[in-house]
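Construct the complete structure from the given sequences, taking the supplied hints into account.
Sequence lines, in order, name chains A and B.
24 is the number of the first residue of the first sequence in the numbering used here; add one for each residue after it.
24 is the number of the first residue of the second sequence in the numbering used here; add one for each residue after it.
Among the clues, some could well be false.
The calculated label-pair distances, taken between Cβ atoms and stated as ranges, are [stated by the list, open to error]:
| # | chain 1 | residue 1 | chain 2 | residue 2 | range |
| --- | --- | --- | --- | --- | --- |
| 1 | A | T137 | B | T186 | 29 to 35 Å |
| 2 | A | K227 | B | T186 | 44 to 50 Å |
| 3 | A | D50 | B | E213 | 41 to 47 Å |
| 4 | A | A47 | B | E215 | 21 to 27 Å |
| 5 | A | T137 | B | V130 | 21 to 27 Å |
| 6 | A | D222 | B | V130 | 54 to 60 Å |
| 7 | B | R37 | A | P206 | 30 to 36 Å |
| 8 | A | T137 | B | E139 | 53 to 59 Å |
| 9 | B | A47 | A | T137 | 25 to 31 Å |
| 10 | B | K221 | A | P224 | 33 to 39 Å |
| 11 | B | E139 | A | V135 | 49 to 55 Å |
| 12 | A | E75 | B | N142 | 44 to 50 Å |
| 13 | B | R235 | A | T137 | 46 to 52 Å |
| 14 | B | N237 | A | A47 | 23 to 29 Å |
Hints listed in this document are in silico derivations from the structure and should not be mistaken for laboratory results.
Think of the CB as a built atom: it goes at the ideal place given N, C-alpha and C, for glycine as much as any other residue.
2 protein chains.
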Amino acid sequence: MKNSKTTVKRIAARGHYDKETIYAVLDAACICHLAFVYEGYPVVIPTIYGREDDYIYFHGSSASRMLKTVDDDISISLSVAMVDGIVLARSGFHSSLNYRSVVAFGVAEKVVDTSEKENALKQITEHIIKDRWEEIRPINEKELQITDVFKLKLDEVSAKIRTGEPKDELADYKLNIWSGVIPMKTTYMEPESDSHSKDLPVSKAALRLTERKNK
Amino acid sequence: MKNSKTTVKRIAARGHYDKETIYAVLDAACICHLAFVYEGYPVVIPTIYGREDDYIYFHGSSASRMLKTVDDDISISLSVAMVDGIVLARSGFHSSLNYRSVVAFGVAEKVVDTSEKENALKQITEHIIKDRWEEIRPINEKELQITDVFKLKLDEVSAKIRTGEPKDELADYKLNIWSGVIPMKTTYMEPESDSHSKDLPVSKAALRLTERKNK
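Below, the structure is given as structure tokens:
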């Protein structure tokens, strides 16, 4: 998956090109950002997505009304980024973040086959919360029809990961400046029942998610 | 700031166009995503940024080697998105996320004036962690010279915010399906001293950040 566009040049040691590393980052994040060119201008929008094997799925309607106007395949760039900590170096120049990120390039194809579309929507739901698909009311014809789904094959893709403490200029280590890391994490809180669910047992998928994410 | 590109069409009630709302979202997030067109293709990358008044600042070198090749002003789209919760509806179609997001469009200008550049880098550092700028070793000539800084005026910009419980199809409320929200938040943990700072008092800026963010 390493080529001219995806090769991480700036700090090569942070670049990763193996599926295991890349897919772990894609699976851990909640949303991605998609960029595409619309009437000559770059457009970036946040959206949810799912991954199955070497494909990313997303739906056009939630993504953007602009993407909704696209009837053909469309060139996109996709990014996923999670911040794991603030890196406080002795200089601004070396101050940084700890993070896990993936950037992919490619042509997103509109999914037309109905069962492929349904499976894609399942992957998107399951990406956000595993096993929820079985709990909800099945998708109906009308919903399937009005939802545009795209898929992107993960060919041109790479990950960048930074971990650990600051790397300062040698001379700066003598300075009396505290340096280190403020670790950050995403916390999933107790599921809150909506006004119609007060008497129902909380979704097993929701309970499992909060348990899994917070351990 | 409302025009054809920024008008939030899909669910109009979620759109916001006032500075107060938009800037609060921009100030709360840690990273943004930038999109630009490079050799005809869309490119999206995550990067840090700062805001002062009606301008967003970011630096090209951290952003991307591709942006580094840009010597002129460049058309960009910028997005900031924070996920506040998973919204579990009774159908996949209405399942969603609670979130705060901002999308901006415009032409990013290269900052050439040295003192403007230094101030921009201060804003970027201060955006990540307030009052850190005073604690660190001042920026030097060489660092200023090799860092490309861009600014984007916040003209064409809008926010989208979703809060609250799921909105289901009326007929679906009768179903015996638990629905609700799993709230999410970013937790900032105790600052960890690096190997050269073990005997120094922890940065006041770091302590204030974790206190402020976690309350």
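Going down the list of hints, with the structure as the test:
1. Range check, T137(A) to T186(B): Cβ separation about 34 Å, and the 29 to 35 Å hint holds.
2. Hint check: K227(A) to T186(B), Cβ distance near 25 Å, so the stated range 44 to 50 Å is violated.
3. Restraint check, D50(A) to E213(B): a C-beta distance of roughly 28 Å breaks the suggested window 41 to 47 Å.
4. For the hinted restraint 21 to 27 Å between A47(A) and E215(B), the CB-CB distance of approximately 23 Å keeps it satisfied.
5. A hinted range of 21 to 27 Å for the beta carbons of T137(A) and V130(B) is inconsistent with their spacing of about 43 Å.
6. Between D222(A) and V130(B) the beta carbon distance is about 55 Å. The supplied range of 54 to 60 Å therefore holds.
7. Take R37(B) and P206(A): their Cβ atoms lie about 32 Å apart, and the range 30 to 36 Å holds.
8. A hinted range of 53 to 59 Å for the beta carbons of T137(A) and E139(B) is consistent with their spacing of about 56 Å.
9. Here the CB-CB span from A47(B) to T137(A) is close to 42 Å, at odds with the stated 25 to 31 Å.
10. For the pair K221(B) and P224(A), the beta carbons lie near 49 Å from each other, so the given range of 33 to 39 Å is not met.
11. Restraint check, E139(B) to V135(A): a C-beta distance of roughly 51 Å satisfies the suggested window 49 to 55 Å.
12. The hinted range of 44 to 50 Å is satisfied by E75(A) and N142(B), whose Cβ atoms lie roughly 47 Å apart.
13. A C-beta distance of roughly 50 Å is found between R235(B) and T137(A), which places it inside the suggested range of 46 to 52 Å.
14. Taking 23 to 29 Å as the suggested C-beta distance range, the pair N237(B) and A47(A) conforms, at roughly 27 Å.
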